[in-house]
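Novice: What follows is the residue order along each chain.
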Amino acid sequence: MGSPSDAEVIGRSLGEPEAFGLIYDRHAPALLRFLGRRVGSRIAEELVGELFRIAFERRKTFDVSRASALPWLYGIGSNVLLKHRRAEARRLRASARMAAAGGAADRRASAAALDARLLFPRVADAIESLPDSEREALLLFAWEELPYESVAEALELPIGTVRSRLNRARARLRELLEPNGKGRERSR
Amino acid sequence: MKPVDLAKKLRREAAFEPAVLDRGKAALMAAIRQEVPMRRPTIIPRLPYENVGAALSFLERAFGFREVPAARGVRADGAIDYTMVEFGDGMIGLGAQGAHGAFSPKRAGTASQYVTVHVDDIDAHHQRALASGAEIVSRLHDHLRDYRAYEALDLEGHRWRFLQWLREVPSK
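Chains as they are written, first to last, in the numbering used here: chain R, -8 to 179; chain W, 211 to 382.
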């Protein structure tokens, strides 16, 4: 007996609401980790509940041509996170301090290590100051390692738009790698 | 370093205690039930089994029971810890033995109760149980011109009694 696809389960949950529990069983671990990376474990635990309650309420709107509900759930998670920008910024800055300290301890690459102390806090600032949709596209791509199509599904955007947002986010970060403003060379 | 790799350096995992997911599930299911009032029987007996997963497939195959969606609890090793099956408007829980001091007849050596189930077509039900290897311990026959029934043991020795009122049995 093959296990039913997410689309089938969500379809069934319209008549048998409790079937939606299977969607939680399948995807809650990934989403909890996702939320945890963004806002830390304490808030993530609250948000994963909110995320699934919203998903349950909106299950009628799930596009059943999609086999997996995961990108859709990421999209709901991204919206839920918007209300917690401050917690997110706090965690990002803490992560930057840790990355900077880690880099400084690695004396094998001393020049790079020196840079790391300055660099990572600036990376955090840069990510933090991206417009919501660019930051979301970047983090779904870089941290969650979603392919472009899934980022597009999650953010309900055409894939071309996702590509251009990611390019803008990349450009912002690239500037940080080149301390004197303009890049030495244009990439391609 | 590529810009995206730079962003990756700031990716940091959060630590969760294992119970977090269970709490989230319980809260979600409670919210779902509140949203849609469940038609649940007032009394739901639970039968203990040594192997809940095997019992579940047997009960589905032999007796036509159906697992209640999302009722299942799974242990860390992947085995089913408990679940529920429904049949008509009735419901029975299946749980790992030992919990709440209850043991499977397979271990206890004897069944301490039997469950009566009313079915729509007793002859077909009996055929299905026979074909699935259920041990029939009381052959199918009519009682006092009142009802037709048979009794069977499931694979761990729980005793089930299936019956249909004779007035509901279509005359051939």
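Hints should not be assumed to be uniformly reliable.
Stated by the list, open to error - With a straight-line cut-off of 27 Å between C-alpha atoms, the simulated DSS-like cross-links for lysine-lysine are:
no., chain 1, residue 1, chain 2, residue 2
1, R, 51, R, 74
2, W, 218, R, 74
3, W, 219, R, 74
4, W, 235, R, 74
5, R, 51, W, 235
Source of the hints: derived by calculation from the structure; they are not laboratory data.
Novice: Evaluate each hint against the coordinates.
Specialist: For each hint, the structure was consulted:
no.: 1; hint: R/51 / R/74; verdict: holds, 24 Å
no.: 2; hint: W/218 / R/74; verdict: holds, 23 Å
no.: 3; hint: W/219 / R/74; verdict: holds, 24 Å
no.: 4; hint: W/235 / R/74; verdict: holds, 23 Å
no.: 5; hint: R/51 / W/235; verdict: holds, 20 Å
Violated hints for the displayed structure: none, as all numbered hints are satisfied.
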